[in-house]
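Just so you know, the sequences run in chain order A, B and C.
Numbering of the first sequence is given in this note's numbering, commencing with residue 1 and proceeding in unit increments.
Numbering of the second sequence is given in this note's numbering, commencing with residue 173 and proceeding in unit increments.
Numbering of the third sequence is given in this note's numbering, commencing with residue 805 and proceeding in unit increments.
Keep in mind the hints are simulated off the structure, nothing from the lab.
Be careful, since some hints might not be right.
Stated by the list, open to error - Pair by pair, the computed Cβ-Cβ distance ranges are: (1) A130(A) <-> L767(B): 53 to 61 Å; (2) E879(C) <-> D754(B): 29 to 37 Å; (3) I757(B) <-> I152(A): 50 to 58 Å; (4) M142(A) <-> R906(C): 21 to 29 Å.
Even glycine gets a Cβ: it sits at the ideal position worked out from N, Cα and C.
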Amino acid sequence: MSLATALFLAFFGTAAIWFGVVVFRTHSMVRSAIALLFSQTAIGAMFLVMQAEFLGVLQIMMMATEMSVMAIFMVMFMMDPGGMGKMDMTHQKRLSLWAGGIGLVAALVVIWTAGWQGPVPDVPGADEQARLLGRELLGRSMFIFESAALMILTAMIAATMVAIAPQEKDSQ
Amino acid sequence: MIWLSLTILAPLGAGLTTLALRRMPEAIALTGAALGLAGAIALLAGVAGGADVTATLPFLPDLPIRLVANPLTATLALVVATVAAMVLTYAAGYMSHDPERPRFFGTMLMFVAAMQLLVLSGDWITLLAAWEMIGFASYLLIGFWHRRKGVPGAAMRAFLYTRTADLGLYLAAFLLIGIAGTSEISATLSTTGTPALIAGLLLLFAAMGKSAQVPMQDWLMRAMAGPTPVSALLHSATLVAAGAILLIRTAPMLPGGALLAIGIVGGATAVIAGLMALAATDLKRLLAASTASQYGLMLIAVGAGAPVAALLHLIAHAAIKSALFLGAGVFQHDRESTDLDTLAGAGRARPGIFAGFVLAALALAGLPPLAAFYSKDAILAAALDSPSAAWFLPLALAGSVLTGAYMGRALKVLWSGTPEKPRDKVPLMAVGMGVLVILAATLGFAFKPLEAMLGAHLAEPGWIVPAMGLAVGLAGLALGWLLAPARLLGPLLAPARNGFPLAGGMDALVVRPTLALARLCDRLDAWIIRRVVLGGIVAGTQALSRRIERAEDSLLALLNAVGRLNLSLGLASLRFDRDTIDRAIFGLVDRTIALGTRARRLQSGLIHREMALTVAGIALVTGVLLAAPFYF
Amino acid sequence: MIPELMIALSVGAALFGVGLYGALSQTNLVMIIMGVELILAAALLNLVAFWRYLHPDVTAAKMFVLIVMAVMAVEMAVGFGIAIARFRSRGSVEMEEARELRG
Numbered sequence: 001m002s003l004a005t006a007l008f009l010a011f012f013g014t015a016a017i018w019f020g021v022v023v024f025r026t027h028s029m030v031r032s033a034i035a036l037l038f039s040q041t042a043i044g045a046m047f048l049v050m051q052a053e054f055l056g057v058l059q060i061m062m063m064a065t066e067m068s069v070m071a072i073f074m075v076m077f078m079m080d081p082g083g084m085g086k087m088d089m090t091h092q093k094r095l096s097l098w099a100g101g102i103g104l105v106a107a108l109v110v111i112w113t114a115g116w117q118g119p120v121p122d123v124p125g126a127d128e129q130a131r132l133l134g135r136e137l138l139g140r141s142m143f144i145f146e147s148a149a150l151m152i153l154t155a156m157i158a159a160t161m162v163a164i165a166p167q168e169k170d171s172q
Numbered sequence: 173m174i175w176l177s178l179t180i181l182a183p184l185g186a187g188l189t190t191l192a193l194r195r196m197p198e199a200i201a202l203t204g205a206a207l208g209l210a211g212a213i214a215l216l217a218g219v220a221g222g223a224d225v226t227a228t229l230p231f232l233p234d235l236p237i238r239l240v241a242n243p244l245t246a247t248l249a250l251v252v253a254t255v256a257a258m259v260l261t262y263a264a265g266y267m268s269h270d271p272e273r274p275r276f277f278g279t280m281l282m283f284v285a286a287m288q289l290l291v292l293s294g295d296w297i298t299l300l301a302a303w304e305m306i307g308f309a310s311y312l313l314i315g316f317w318h319r320r321k322g323v324p325g326a327a328m329r330a331f332l333y334t335r336t337a338d339l340g341l342y343l344a345a346f347l348l349i350g351i352a353g354t355s356e357i358s359a360t361l362s363t364t365g366t367p368a369l370i371a372g373l374l375l376l377f378a379a380m381g382k383s384a385q386v387p388m389q390d391w392l393m394r395a396m397a398g399p400t401p402v403s404a405l406l407h408s409a410t411l412v413a414a415g416a417i418l419l420i421r422t423a424p425m426l427p428g429g430a431l432l433a434i435g436i437v438g439g440a441t442a443v444i445a446g447l448m449a450l451a452a453t454d455l456k457r458l459l460a461a462s463t464a465s466q467y468g469l470m471l472i473a474v475g476a477g478a479p480v481a482a483l484l485h486l487i488a489h490a491a492i493k494s495a496l497f498l499g500a501g502v503f504q505h506d507r508e509s510t511d512l513d514t515l516a517g518a519g520r521a522r523p524g525i526f527a528g529f530v531l532a533a534l535a536l537a538g539l540p541p542l543a544a545f546y547s548k549d550a551i552l553a554a555a556l557d558s559p560s561a562a563w564f565l566p567l568a569l570a571g572s573v574l575t576g577a578y579m580g581r582a583l584k585v586l587w588s589g590t591p592e593k594p595r596d597k598v599p600l601m602a603v604g605m606g607v608l609v610i611l612a613a614t615l616g617f618a619f620k621p622l623e624a625m626l627g628a629h630l631a632e633p634g635w636i637v638p639a640m641g642l643a644v645g646l647a648g649l650a651l652g653w654l655l656a657p658a659r660l661l662g663p664l665l666a667p668a669r670n671g672f673p674l675a676g677g678m679d680a681l682v683v684r685p686t687l688a689l690a691r692l693c694d695r696l697d698a699w700i701i702r703r704v705v706l707g708g709i710v711a712g713t714q715a716l717s718r719r720i721e722r723a724e725d726s727l728l729a730l731l732n733a734v735g736r737l738n739l740s741l742g743l744a745s746l747r748f749d750r751d752t753i754d755r756a757i758f759g760l761v762d763r764t765i766a767l768g769t770r771a772r773r774l775q776s777g778l779i780h781r782e783m784a785l786t787v788a789g790i791a792l793v794t795g796v797l798l799a800a801p802f803y804f
Numbered sequence: 805m806i807p808e809l810m811i812a813l814s815v816g817a818a819l820f821g822v823g824l825y826g827a828l829s830q831t832n833l834v835m836i837i838m839g840v841e842l843i844l845a846a847a848l849l850n851l852v853a854f855w856r857y858l859h860p861d862v863t864a865a866k867m868f869v870l871i872v873m874a875v876m877a878v879e880m881a882v883g884f885g886i887a888i889a890r891f892r893s894r895g896s897v898e899m900e901e902a903r904e905l906r907g
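Just chain A, same shape as in the assembly (with noise of 0.2 Å):
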C-alpha cells in the first residue's frame, strides 16, 4: 500500500495499454510484434512491482522469445510486413469495438463494485516465494504439472505435425 508501488504500477500499466493499442493501430508488421513485445514486458514489470519475483523474470523472458519468432512469422507470412500499403487489414470492425468496449465496461464495472478488502497477510520473500513455489509445484500440483507437461509434449508434436509438409505419394 505504498505510494511508490501505485504509481510504477499506473505507469507500467499504461505503458503496456499503449504498446497493446499500438499493436492494432500500426500497419507494419515487424512494429506491430515489437509493440506487443513491450506489451508484455511492461506486463512483466508490473509482476516484478507486485513482488512475484519470478514470475515478473519468467514473463519477460518466454515473451521476449515469443514476439521475436512472431516477428519472424510475420515476415514469412504477411503481404506487406513493411506496412507500406497501408492497407486497412480489419473487418467487422465496429462489431469488434463493441465487443471490445463491453468488454471493457463490465470487467470495470465488476472490479469496482466488488468491494475487495484486506487485511492482507504478508507477502513470503523472493526466496521464501521460490521454495514455496517449488515445493507446491512438486507437491500437491505435481499431477497438474504432468498433465502441463503432457499437454505442450502433445501441442509439439501436432505443431509439428501439421507444419510438417505432406509427403507426396508418387514422389519418386
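Once you have looked at the hints, place chains B and C on chain A.
Chains B and C alone, transformed into the frame defined by chain A:
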C-alpha cells in the same frame, strides 16, 4: 286296514299295470281281481268279528278322505269283488279274440277300483268323486267298440243321462255338508226336517239316473251296445247298484215324504220296466229292463222303510243278473247276435250253460230255496207292513209277476227252436258263470247271518207273504212260457217296445235340446275361433309383418345412414389427416429445415465470425452465472 | 478498497478489451494470435494482482499463472504450425478467405 286298502288298491294297481304293459292282460286282471276278492273277504271277516275299520286320509282342509268298513259297506265290497272276479274270468274267455283286450281289462279294473272306493267311502266328497269315476268308466266301457255304428251315441247318451242325474247328488251332498258342518256321511245322517226332505228328494233324483229308474231308464237299454261282460258287471250288479246303495246308506235320514216318493218311483219302474222287458225283442235289452225293474223293487223296499230288505235283494240280484248276462253272452258268442229271434234254440245247443241260465231265471222269479225268494219275500213283507202299503204292495206284486213273465218268455225262446252244434268249448266263460249261478242258488242261506251282522231285524214273513210271492212268481213264469207278448200286452206292446216315450220321451225333452244346445255352442265356438282368434291372428300377423317390413325399411335406412356416416367419417378423417396432421408434420419439417437453413448462415466458416459468436456466448453465460443470486 | 489492486485490475480490463478488439477485427491469423496473447496476458495480470493483494499465502495462484503461461506458449506454437500449413496450401494466412468450413 290292510284288507281295506287291498280291496281298493289291488284292482287299481292291476288296471294301471294292464294299461301300461299291454301284455298278458288276462293274467294281470285276474290276479288283481283275486287279490281284491281276498281283501274283501278278509275285510268282511274282520268286520263280522266286530272290528270297525276306518281310514282317514288328508285331502282338503276340513274335508279329509274317509273310508269306512262297517257291516254294510264290507258286505257290499264283497259283492262287488266277487262279481268282478267272476265276470273277469268270464271275460278272459269272451274277449279272447279281441285285439284291444288290454284297454278292456284295464278299464274294467279301474272301474272295479272306483266302485270299491264308492262302496267303502265314508265322506261325501269321496263318494262324489267315486260316483263320477264310475260314470266315466261306464262311458268308456259302453263305448268300447267305438267304431261300430250306434255305439258312441249310446255311450254318450248313458253318460249324459247319468250326468244330469248327478246334479241331484251334488246338491244333496253340499246341502248335507253345509248343514252338518262335516263331510262324514254318518254324521250327516242326523239331519232332520225340511233339509232332510230336500236332500232325500235330490238323492232320489240321483239314484233315478244311476239306477235307470223311470223316467231315466232308456240309457240302460242303449248301454247294451257294450260288451256283455260290461253289461254283466256294470249294468246289473255294480254301477246301477250305486243308486240303490246311496239310498240304502242314507235311509236313516230320509223322512216319510221322501220315502213315499222313493217307493212310488220304484214301483212305477218295477211295472213299466217289467212291461218293457216283456216286450223286448233283444235278450240283453230284456235283461236290462229287468234290471231296472228289480231296482224298482229295491226302491219300494227302501220306501217301505226296510233298507235291509233292499240290500238283500241287491246282493241276490247281483249274482242272479250277472249269471243271466253271462249266459246271454255265451249264446251271443254262438249266434253272433242277441236278437231273440236269432237266439231261438240256442239254449238247447249248450245244455250246461242253459241249465245255469234256467236256475238263475227261476231264482229271479222268486222260487225257493233260491236266493231271490228270501229277498223278494222280505220286500213284499216290508211293502205290506209299510204305511203306504196300498201303493207299494200292488206295485211290488205286479213287478214280481212281470219278473216271472219275461223270464219265462226268455226261457221259452231259448229252448224252442232248432239248435246248432256249438263251435267251441268255452271253459272260462262256463267257470265264471257257474260260480255266480251257484251263488245265485245258495245265497239265500247266508241272509239270516247277514241280517244278524247288520243288526237289522226284518219282520218275520209268516206264511202269507211267501205264499204270495211264490204264487205270483209261478204265475208269471207260466204266463211268459205259454203266451206270446203280443197276447199279454195287447195295445201296450208297441209303446213298451219303444220304452214308453211320453211326449217324445227323454229324447225329446232332454236329449235333443241338450244336443241342440251343444251344437249351438260348437258353432259359436267355431265362429269365435274363426273370427276372433284366427281373424285376430291373421290380422295380427299381417299387421306384425307390415310392421316388421317397416322396421326393416327403417333399419335399412339406418344402416345406409350408418354407412354414409362411416364414409363421411372416413373422409373427414382422411381430410383431417391430410390437412391438419400432414400439414402440421410437413410444416414442422419445413420449419425445421428453414430453421436449419437459417442456422446454417451462422456457420460462415469465417474465423472472426466464429470468434464473435464465441465471445457473445461467453458473455451470455457469464451474465447468467453472475446474475444467479438474483433469481435463486 | 485496495488502490494498487484497482489499478492493476483496471489495466487488466483495458488490455482485455484491446485484445478482444484485435482478435475480432484482424484478418490475419498472426494478428489474431496476437490479440489472444493480449487477452491471456490480461488474465495473467489479474491473477497475479489477486494473488498479491488478496491471498499472498496461496501458492496455488502462482501455479495457475504458470499453467496459463504454458497455454500461451502452446497456443502460439500450434497456431503457427497451422499458419504454416495454411500458407503452404493457400499462399496466405488471410482469414477472410478461409471459407472452406462454411455450411
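Quick rundown of the hints versus the structure:
{"no.": "1", "hint": "A130(A) <-> L767(B): 53 to 61 Å", "in the structure": "57 Å, holds"}
{"no.": "2", "hint": "E879(C) <-> D754(B): 29 to 37 Å", "in the structure": "52 Å, violated"}
{"no.": "3", "hint": "I757(B) <-> I152(A): 50 to 58 Å", "in the structure": "53 Å, holds"}
{"no.": "4", "hint": "M142(A) <-> R906(C): 21 to 29 Å", "in the structure": "45 Å, violated"}
Hint check: violations occur at hints 2 and 4; the rest are consistent with the structure.
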